[in-house]
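Novice: Top line first, the protein sequences correspond to chains A and B.
This note's numbering numbers the first residue of the first sequence as 1 and each following residue consecutively.
This note's numbering numbers the first residue of the second sequence as 1 and each following residue consecutively.
None of these hints come from the bench; they were simulated from the model.
Think of the CB as a built atom: it goes at the ideal place given N, C-alpha and C, for glycine as much as any other residue.
Hints are not guaranteed to be accurate.
Covered stretches of chain B, as calculated for chain A (at least 3 residues, CB under 8 Å) [claimed, not checked]: (1) 24-33; (2) 48-59; (3) 62-69; (4) 86-92.
Taking lysine-lysine and the DSS-like style, the derived pairs with C-alpha atoms no more than 30 Å apart in a straight line are [what the hints assert, rightly or not]: (5) A/K84 - B/K63; (6) B/K100 - A/K40; (7) B/K63 - A/K184; (8) B/K13 - A/K307; (9) A/K277 - A/K236; (10) B/K63 - A/K40.
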Amino acid sequence: MYGGGYIFDEPNRKQQREEQLHDDPEKLAAFEDRITRGEKIEPGDWMPAEYRRQLIRLIEQHAHSEIIGALPEGTWITRAPGFKRKLALIAKVQDEIGHGQLLYNAAETLGKSREAMINDLLSGKSKYSNVFNYPAETWADVTVIGFLIDAAAIVNQIANSKGSYGPYCRALERICYEESFHLKQGHDAFIELATGTPEQKAMLQDALNRWWQPIMHFFGPPDKNSTHSEKLMQWKVKMASNDDMRNQFLDTYVPKIWELGLTLPDPLLKKNDSTGKWEYSDPDWDLFFKVINGDGPCNQERLSVRKWAEEHGRWVRKALMNPTQQKTVPAA
Amino acid sequence: MSESLDPRINRLKLGNAGEVIKVEEGENWQVYEVFHQEKRGAHHEHVGCVHAPDAQLALVFAKEQFGRRKKCVNLWVVRSADILAFDAEDEDMFANNIEKTYRDASGFKVMDKINKFKQAGKAAPQQ
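Based on the sequences and whatever the hints tell you, model everything.
Specialist: Encoded structure:
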């Protein structure tokens with residue numbers, strides 16, 4: 001799960017822009033030629049300062065999203081209905097934490113240390129996907145997250161896996177493979193509620209109504225307001241526009257929701273057959289910015305849990321920090 | 001935060017997220033490269049990295065991270081710092097002559113030569 005969807009950029013970009021001006025024009029041209037040819041950029045390669053900065057931001061926020069995203073679902077492990085659902089949810093949450101590790105590693109290849117990334121998460125400097133600042137109130141919320149949020153993340157991650165930075169692509173390849181299980185188990189649980197008792201169906205409809213807005217927020221503000229430059233598209237850091245990804249998501253998943261007899265809380269939602277694009281009411285973008293800047297229902301709680309884990313795990317990490325060297329034999 | 005929907009949060013009695021927590025440099029140990037072997041006799045293939053305080057624990061983490069799906073019969077870990085590699089910029093030292101048929105069986109057309117020789121009628125009669 002948990003492609004960044006909308007990845008938040010701090011507005012303090014002036015300094016980097018200066019720095020970008022100092023990139024060697026010859027090296028820059030060679031770099032852009034490589035990307036145009038479809039080559040992957042590897043950690044030791046020369047890259048523009050702005051490319052490095054944007055990728056660290058993107059991959060780091062993706063990693064944080066995987067870690068924080070495990071929290072609303074983790075809550076439900078003890079209360080999952082049935083043994084099989086519990087096993088699947090444990091496996092999924094374990095995968096998400098694993099994805100976080102893979103992504104932190106990919107970001108580290110760009111020169112930011114793991115400790116610095118964790119500190120920036122804990123201090124609120126780095127963001128994570130906005131959807132995880134909402135609570136999972138019922139089991140139906142977990143099925144909506146497992147099905148639709150994962151689906152949205154997959155749209156985003158498949159796009160990014162065709163990007164230009166080698167280590168990120170390799171991590172995403174493995175992540176997308178594991179995601180397919182997450183999506184399937186989410187869809188399965190979703191269908192079970194949708195086709196179940198009237199109470200189950202009502203519970204699912206209620207969760208869907210509450211999550212629809214965060215899902216529409218997931219891919220970020222409309223392209224017309226987007227601050228991300230053509231440069232990021234050209235460098236294959238950003239692989240598809242917010243609106244294109246949102247449209248692709250709606251295209252695949254709205255029919256799957258409707259076929260189960262469920263409704264979506266947007267009277268304007270329909271596909272325009274002549275343009276092939278979806279029409280919908282604009283979600284509340286003021287709310288989106290309010291939540292991403294720390295004022296959502298669960299922002300405080302998510303960070304508190306993460307800080308608690310950091311503090312209470314510290315003695316273990318410290319105890320292991322300086323082990324005596326052990327004698328080793330060649331492996332082969 | 002006592003009104004959390006998460007029973008675990010309420011049990012932990014977490015305070016407000018005000019205190020500053022800072023992870024010190026090096027506290028997340030060091031990086032180990034992980035090599036995964038799918039079956040006995042196969043090559044170990046590089047699959048990624050883990051952070052660990054020593055090689056033994058790196059193996060344990062590697063098992064959790066890279067051995068929980070697909071088949072795996074063994075893993076290697078090696079400190080990333082111990083890996084020696086050429087600089088990416090020196091790539092051109094591997095530039096080479098691509099035409100290498102002279103060191104390949106397909107590069108030698110003996111039958112062509114024999115047939116040409118026979119057609120020229122220069123071969124001695126068999127009987």
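Novice: Checked against the structure, which of the hints given earlier come out wrong?
Specialist: Violated hints: none at all, because every hint is consistent with the structure.
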